[in-house]
Amino acid sequence: MITLSQRLKKQQDQGVLNNRISVRDRLLARELQELAQVLPTNCLVNHDNVNDLSSFMLIIKPTEGFWQGGSFKFGVNVTEEYNMVPPIVKCLTRLWHPNISEGGEVCLSLLRQHSVDGLGWSPTRRLNDVLWGLLALFTDLLNFDDPLNIEAADMYRTSREEFQKKVNEYVIKYAID
Amino acid sequence: MRIEEGKAVSPSKSPTMADGVERMDNESIKPEKMFTLKKWNAVAMWSWDVECDTCAICRVQVMDACLRCQAESKRDFYGKQDCVVVWGECNHSFHYCCMSLWVKQNNRCPLCQQEWSIQRMGK
Numbered sequence: 001m002i003t004l005s006q007r008l009k010k011q012q013d014q015g016v017l018n019n020r021i022s023v024r025d026r027l028l029a030r031e032l033q034e035l036a037q038v039l040p041t042n043c044l045v046n047h048d049n050v051n052d053l054s055s056f057m058l059i060i061k062p063t064e065g066f067w068q069g070g071s072f073k074f075g076v077n078v079t080e081e082y083n084m085v086p087p088i089v090k091c092l093t094r095l096w097h098p099n100i101s102e103g104g105e106v107c108l109s110l111l112r113q114h115s116v117d118g119l120g121w122s123p124t125r126r127l128n129d130v131l132w133g134l135l136a137l138f139t140d141l142l143n144f145d146d147p148l149n150i151e152a153a154d155m156y157r158t159s160r161e162e163f164q165k166k167v168n169e170y171v172i173k174y175a176i177d
Numbered sequence: 001m002r003i004e005e006g007k008a009v010s011p012s013k014s015p016t017m018a019d020g021v022e023r024m025d026n027e028s029i030k031p032e033k034m035f036t037l038k039k040w041n042a043v044a045m046w047s048w049d050v051e052c053d054t055c056a057i058c059r060v061q062v063m064d065a066c067l068r069c070q071a072e073s074k075r076d077f078y079g080k081q082d083c084v085v086v087w088g089e090c091n092h093s094f095h096y097c098c099m100s101l102w103v104k105q106n107n108r109c110p111l112c113q114q115e116w117s118i119q120r121m122g123k
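If you read the sequences in order, they're chains A and B.
The first sequence finishes on residue 177 if you use UniProt numbering, and the numbering steps up by one all the way, no holes.
The second sequence finishes on residue 123 if you use UniProt numbering, and the numbering steps up by one all the way, no holes.
Derived by calculation from the structure, the hints in this document are not laboratory data.
Just to be clear, a hint being listed does not mean it is correct.
Claimed, not checked - Taking lysine to any residue pairs in the SDA-like style, the calculated list, with each CA pair at most 20 Å apart, reads:
{"#": "1", "chain 1": "B", "residue 1": "K104", "chain 2": "A", "residue 2": "H114"}
{"#": "2", "chain 1": "A", "residue 1": "K173", "chain 2": "A", "residue 2": "T158"}
{"#": "3", "chain 1": "B", "residue 1": "K104", "chain 2": "A", "residue 2": "E161"}
{"#": "4", "chain 1": "B", "residue 1": "K104", "chain 2": "A", "residue 2": "E80"}
{"#": "5", "chain 1": "B", "residue 1": "K104", "chain 2": "A", "residue 2": "R125"}
What the hints assert, rightly or not - A few chain B residues that don't get close to chain A, going by computed Cβ distances all over 10 Å:
{"#": "6", "residue": "F35"}
{"#": "7", "residue": "K39"}
{"#": "8", "residue": "D53"}
{"#": "9", "residue": "V84"}
{"#": "10", "residue": "N91"}
{"#": "11", "residue": "R108"}
{"#": "12", "residue": "Q113"}
{"#": "13", "residue": "I118"}
{"#": "14", "residue": "R120"}
The beta-carbon is built from N, C-alpha and C at its ideal position, and this holds for glycine as well.
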């Protein structure tokens with residue numbers, strides 16, 4: 001009896017897990033379609049494995065601002081708990097940016113899971129919002145006052161030219177296709 | 001008023017009608033049938049008493065079962081899908097299932113960021 005009930009429980013748990021995946025995949029199927037429809041020409045979505053919608057690469061080529069001319073790859077990983085939790089985004093291209101560390105951590109409010117202000121993740125947000133957020137990190141959302149890469153922000157405050165020079169160095173070294 | 005008068009045309013009250021008079025002798029009280037209703041098609045219209053929104057969490061209509069319940073094809077004792085709608089004090093509505101998952105993390109309405117408190121539940 002004990003083994004049977006354990007077995008049943010195990011099956012049930014497995015079932016719940018499978019269903020969560022399927023909910024995520026259902027959401028993803030729709031959101032990726034939406035994303036493809038509005039994707040600007042300077043962005044690209046790339047699935048390594050076409051059978052796995054939950055993990056893909058987002059390539060952004062800023063057309064203005066300090067990082068113009070670079071091609072920046074972001075790894076997007078959508079976990080099973082989506083959309084109750086935000087996707088995990090990592091910058092795979094090394095760059096000199098106040099809000100993206102050299103290790104690839106991205107500081108973007110909407111990717112924060114727990115937040116007391118209204119700017120963090122919410123299940124009403126979609127992949128589109130993530131894309132626009134990342135794009136804006138190169139323009140409007142660029143924030144030197146609350147930096148992740150403090151050195152980069154300090155450098156900007158001291159000398160814009162020096163900052164731009166260092167950005168360019170990194171772009172040429174790491175972010176050219 | 002006209003209809004009333006029409007109905008009133010019965011042998012007893014209009015003795016001038018020839019065959020009315022005749023029948024009055026046979027069936028003294030029963031009024032003559034002017035017409036018979038043979039078929040009747042009733043048409044009813046209905047609509048939800050609330051604005052029929054899409055649940056902003058799972059993006060399925062709130063009056064349908066949520067995406068999770070659809071995936072798990074959860075059914076109650078009577079075989080109906082038991083996925084109710086919940087309205088917050090802020091008047092935003094979601095599936096109860098969707099909202100209960102979210103409030104565990106953050107007790108705010110995902111649409112307006114107000115503190116979440118339930119106004120009513122049901123369909």
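For each hint, the structure was consulted:
For a cut-off of 20 Å, the pair hint linking B:K104 to A:H114 stands: about 11 Å separates their Cα positions. Taking the CA atoms of A:K173 and A:T158, the gap is near 23 Å; set against the 20 Å cutoff, the hint is violated. At roughly 47 Å between alpha-carbon atoms, B:K104 and A:E161 are farther apart than 20 Å, so this suggested pair is violated. Restraint check: the Cα-Cα separation between B:K104 and A:E80 comes to about 17 Å, which is no more than 20 Å; the hinted pair holds.
Of the supplied pair hints, the one linking B:K104 and A:R125 holds, its CA atoms being roughly 17 Å apart against a limit of 20 Å. Against chain A, the non-interface label of B:F35 holds: every CB pair exceeds 10 Å, the least being about 57 Å. Remark: the non-interface label on B:K39 is consistent with the geometry, its nearest Cβ contact in chain A lying 47 Å away (cut-off 10 Å). Even its closest Cβ contact with chain A, about 12 Å, leaves B:D53 beyond 10 Å, as expected for a residue assigned away from the interface.
Listed as outside the interface, B:V84 is consistent with that label: its C-beta sits roughly 18 Å from the nearest C-beta of chain A, beyond the 10 Å cut-off. The beta carbon of B:N91 is kept farther than 10 Å from every beta carbon of chain A, the shortest such distance being approximately 15 Å. The claim that B:R108 lies off the interface is violated: its Cβ sits roughly 8 Å from the closest Cβ of chain A, which falls inside the 10 Å cut-off. The Cβ of B:Q113 sits about 4 Å from the closest Cβ of chain A, inside the 10 Å cut-off, so the non-interface label is violated.
For B:I118, the non-interface assignment is confirmed: its Cβ lies about 17 Å from the closest Cβ of chain A, beyond the 10 Å cut-off. Separation of B:R120 from chain A is adequate, the least Cβ-Cβ distance of about 21 Å exceeding the 10 Å criterion.
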